[in-house]
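With chain A's structure known, arrange chain B on it following the hints.
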Amino acid sequence: MHWYARHFKQQSADLLNQIVIASYFSEHTKIPMAKVLVLFAHPKYERSRVNRRLVEQIKHHEEVTFHDLYQQYPDFNIDVVLEKNLLTNHDVIIWHHPFYWYSCPPLMKQWIDVVLEYNWAYGPKGNALQGKQVLSVITTGGTPEVYCAQGNNNYSVNEFLRPFEQTARLCGMDYLPPFAVMGTYQLSEVDLDTYAEKFNKILTLLKNGEVDLSNSSRFMNDLPALKNTTSS
Amino acid sequence: MSGSILFQAIIFLAGAIICVPIAKRFGLSSVLGYLIAGIVIGPYVLGFVGEEGEDILHFAEFGVVIMLFLIGLEIEPRSFWKMRKAIAGMGGAQLALTLSLAYLLFITLGFDSKVSLVIGMSVVLSSTAIVLQTLKEKGLMDTSFGNSSFSILLFQDIIVIPMLAIIPLLSSGNTHVDSGHGDELHVYLLEDLPLGVQTLAVILSVVLVILAGRYLFVPMLRLVAKTRLRELLSASALLIVLGLSLVMELVGLSPALGAFLGGVVLATSEFKHELESNLEPFKGLLLGLFFMAVGASINFIVIGDNPLMITGLVLGVIVLKAIVLFIVGSLFKMKLDQKILLSVSLAQVGEFAFVLLSFAFQLSILDRTYLDMMLVVTALSMTLAPILGIINERFIIPRIGTKRSAERTADHIAKTHRVILIGFGHFGGSVGRFLRSYGIEATILDQDSNRVDLLRKMGFEVYYGDATRLELLESAGIEEAEVVICAIDNPDVSVELARVLKDKYPHLKLMMRAKNRIDASELLNLGITNVYRETLETSVRMASDVLHHMGFRKYTVYRQAQNFIKYDEDSLRRLADSPRTGEDFIFKVRQEIEQQEKLLEEDLRRGIVDSDQQWDSEQIRLSRSKSAEN
Numbered sequence: 001m002h003w004y005a006r007h008f009k010q011q012s013a014d015l016l017n018q019i020v021i022a023s024y025f026s027e028h029t030k031i032p033m034a035k036v037l038v039l040f041a042h043p044k045y046e047r048s049r050v051n052r053r054l055v056e057q058i059k060h061h062e063e064v065t066f067h068d069l070y071q072q073y074p075d076f077n078i079d080v081v082l083e084k085n086l087l088t089n090h091d092v093i094i095w096h097h098p099f100y101w102y103s104c105p106p107l108m109k110q111w112i113d114v115v116l117e118y119n120w121a122y123g124p125k126g127n128a129l130q131g132k133q134v135l136s137v138i139t140t141g142g143t144p145e146v147y148c149a150q151g152n153n154n155y156s157v158n159e160f161l162r163p164f165e166q167t168a169r170l171c172g173m174d175y176l177p178p179f180a181v182m183g184t185y186q187l188s189e190v191d192l193d194t195y196a197e198k199f200n201k202i203l204t205l206l207k208n209g210e211v212d213l214s215n216s217s218r219f220m221n222d223l224p225a226l227k228n229t230t231s232s
Numbered sequence: 001m002s003g004s005i006l007f008q009a010i011i012f013l014a015g016a017i018i019c020v021p022i023a024k025r026f027g028l029s030s031v032l033g034y035l036i037a038g039i040v041i042g043p044y045v046l047g048f049v050g051e052e053g054e055d056i057l058h059f060a061e062f063g064v065v066i067m068l069f070l071i072g073l074e075i076e077p078r079s080f081w082k083m084r085k086a087i088a089g090m091g092g093a094q095l096a097l098t099l100s101l102a103y104l105l106f107i108t109l110g111f112d113s114k115v116s117l118v119i120g121m122s123v124v125l126s127s128t129a130i131v132l133q134t135l136k137e138k139g140l141m142d143t144s145f146g147n148s149s150f151s152i153l154l155f156q157d158i159i160v161i162p163m164l165a166i167i168p169l170l171s172s173g174n175t176h177v178d179s180g181h182g183d184e185l186h187v188y189l190l191e192d193l194p195l196g197v198q199t200l201a202v203i204l205s206v207v208l209v210i211l212a213g214r215y216l217f218v219p220m221l222r223l224v225a226k227t228r229l230r231e232l233l234s235a236s237a238l239l240i241v242l243g244l245s246l247v248m249e250l251v252g253l254s255p256a257l258g259a260f261l262g263g264v265v266l267a268t269s270e271f272k273h274e275l276e277s278n279l280e281p282f283k284g285l286l287l288g289l290f291f292m293a294v295g296a297s298i299n300f301i302v303i304g305d306n307p308l309m310i311t312g313l314v315l316g317v318i319v320l321k322a323i324v325l326f327i328v329g330s331l332f333k334m335k336l337d338q339k340i341l342l343s344v345s346l347a348q349v350g351e352f353a354f355v356l357l358s359f360a361f362q363l364s365i366l367d368r369t370y371l372d373m374m375l376v377v378t379a380l381s382m383t384l385a386p387i388l389g390i391i392n393e394r395f396i397i398p399r400i401g402t403k404r405s406a407e408r409t410a411d412h413i414a415k416t417h418r419v420i421l422i423g424f425g426h427f428g429g430s431v432g433r434f435l436r437s438y439g440i441e442a443t444i445l446d447q448d449s450n451r452v453d454l455l456r457k458m459g460f461e462v463y464y465g466d467a468t469r470l471e472l473l474e475s476a477g478i479e480e481a482e483v484v485i486c487a488i489d490n491p492d493v494s495v496e497l498a499r500v501l502k503d504k505y506p507h508l509k510l511m512m513r514a515k516n517r518i519d520a521s522e523l524l525n526l527g528i529t530n531v532y533r534e535t536l537e538t539s540v541r542m543a544s545d546v547l548h549h550m551g552f553r554k555y556t557v558y559r560q561a562q563n564f565i566k567y568d569e570d571s572l573r574r575l576a577d578s579p580r581t582g583e584d585f586i587f588k589v590r591q592e593i594e595q596q597e598k599l600l601e602e603d604l605r606r607g608i609v610d611s612d613q614q615w616d617s618e619q620i621r622l623s624r625s626k627s628a629e630n
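As given, the protein sequences belong to chains A and B, one line each in that order.
For the first sequence, position 110 matches number 110 in full-length UniProt numbering, and the numbering has no gaps at all.
For the second sequence, position 413 matches number 413 in full-length UniProt numbering, and the numbering has no gaps at all.
Note that these hints are calculated values from the structure, not bench results.
Treat the numbers as computed from the prediction; the structure is a model and nothing was measured.
The reader is advised that the hints may include incorrect statements.
[Unchecked claim] To spell it out: a stretch of chain B is covered by chain A in this simulated footprint if at least three of its residues, at any positions, have a beta carbon under 8 Å from a beta carbon of chain A; those stretches are: (1) 278 to 291; (2) 615 to 627.
[Claimed, not checked] Derived pair list, reagent style BS3-like, types lysine-lysine, alpha-carbon separation capped at 25 Å: (3) A:59 - A:201; (4) A:84 - B:504; (5) A:59 - B:554.
No residue lacks a Cβ here, since even glycine has one placed at the ideal position from N, Cα and C.
The shape of chain A in the complex, shown without the other chains (with noise of 0.2 Å):
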């Protein structure tokens, strides 16, 4: 047990370095307002490739917190007061994974079991969490038009994903409309440039607070800010 211990500590100071320094930010710079969390669950990242490529773009924004979950927790152990000081510490949380079999990997769902207490982040006393922005961000290898009431999956990404909305709810969090990266297996190079720009300019408005669901789009794609994203 212990050589986990000590690794756990180890990442978890890591983790409170970036706290830190983003905490550091938001008081020394005019842009962020936000604080921004990345859960990201991929059982097998190394063999994603749309995914490395959203991933990347989390990079190129320092003072967002990106939480590898599978790296962290590989026996799934996962450490809830770590968790719940990191939601604590942020405004908006990302829940970032492929979608399988209509849903998230069960390390992410393992992390809603544990971390999302009751009188913590919902019940009579629960109300840690509340006013903070939910995103999901999420990649399927259906397209679109499999995900439709004509299509082979009957349903919606936005049916699918009603779970994580009303988990997002009880808690008394806003859920964001998701961002979608969709058929993920036709996608060019081109293709996955665009949806990397889309996901930066998305962590952009997230952080300064500018995100505009006047027009309540199905999809953080949709936002009228990204309208004119083309690969850079």
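Quick look at chain B alone, frame taken from chain A:
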């Protein structure tokens, strides 16, 4: 011929080996078997043993001393202090009532008042040897009846001393010089000193025993333990008991009492179990000898001369004692079944009566007729005791509806742990600490006395001893245990232990530490499924960390490592061949190379295993694009 020690030893051993198993076969206690053996080899049946039977009796009394030492070992000083009221109260009541009633009885039978008093005193005493042996054999020490019996017996052991002091006061002066065995009993250093000095000496000697237990015996045992020579431990255990006896005899206390005190002092030491298992065989043999000597000393001529008188006396004494014990039990609010058990089990006249009566004979208080008669009564009552016990147990107690067994089970669970952990080194230590962090306490056995000492200071319950000795495991409660964890470093020892345990206690869950693939295979071949190779997980984890360091994803490596461990365990089970015997070092080395070779071949066949393809989006994309092209 019959004088030769060798011949006598053969007679006694053969008698025991023939009679005791027969008695056991018929469900009788071993005590009765020994008594019958004694009668058979004694002067009136086969005549192998003659007058020397009484000398053997005195030699064998040392078995009683060892037994009290062992009983002392089981009683921690704190619980002994708690028992003081029961000892004084029950013991005192039993003494007063029995002595006065017996005195009245013998006066009415027309005996002289001095004679009646001496006989009364000897009748008070019950047989520690018989009662405690029976209690231990049946596991009744923890019942209220067992406790009361023990308290009364202990009080009797103490009260013998003032009795021996009073008897000379009854003497008219002239002593029987030729009395054989009795003379060493009253030769002690302080005989001629004033009473105050004697009392002081007695108190001093008790203090001495306690101090010696703490500051002499324990360091000595530690020193001996470091030599790791088993026979030296047996020698020191005997030395302790003999030394205690000698000191007690010198100041005129009963050696049994001294041994008991010494046992109590050592009850909290880490050597408790080791002392127990070392002395157990001596105790058993000497007690057996003692009972046989009692049987051999029954004078059937005296019985033949006066059968009615003897029968009357035996029955009268037993009934009298039983009634008194029943009253004592009532006074102390015992349950009916416990009271009856107490009354019957302590109703005999004990071995101390031999001492008292012989002593009184030397002082001319008793004449030969009375002595012989009372010796026969004592021996007969001791012989009847186990028979009465059986009658009571089979025909009387079941009618009352006993709850004894339920009580006993509860007591047992409280005392023995469900887990026994053998070896508390680096490996066993982690096992024990983790179990403890989960609230599971294990009975721990370890062979390194320094470590035992340290761990005890840290509040662990660790005992010193060699776990391959079954007696030690038995006293550690292996009968009641569910799981035995073997964390022994030496594979030869653990394989041997596994073999014995598997054979003797098939119900046990055995969890075995294995050093390497070789002894792991041996253990698997013994049919043990829970075999833990100490190096497997650690080495794979190390390799995993190397891979992390080289930039591989942790979760992928983690799963791969788990699979590898599983694969390795499987291959071990596959490759474990039929049991091999007679391995020497060279053979082992060759075997290891053979195994390594087989393993590497297997690995080669397995190749590089890339698991978890289900999450590999690249794989899917490529196969999709391939099928699209076709």
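Coverage criterion applied to the stretch 278 to 291 of chain B (partner chain A; beta-carbon cut 8 Å; 3 residues): Since 0 is below three, the answer is violated.
Holds or violated: residue 84 of chain A with residue 504 of chain B, Cα cutoff 25 Å? violated, 54 Å
With a cut-off of 25 Å on the C-alpha distance, tell me whether residue 59 of chain A and residue 554 of chain B pass. holds, 20 Å
Taking a Cβ-Cβ distance under 8 Å as contact, does the stretch 615 to 627 of chain B have three or more residues in contact with chain A? It holds, with 9 qualifying residues against the three required.
Need the status of pair residue 59 of chain A, residue 201 of chain A: alpha-carbon distance at most 25 Å? holds, 13 Å
The structure is inconsistent with the numbered hints 1, 4, although it conforms to all the rest.
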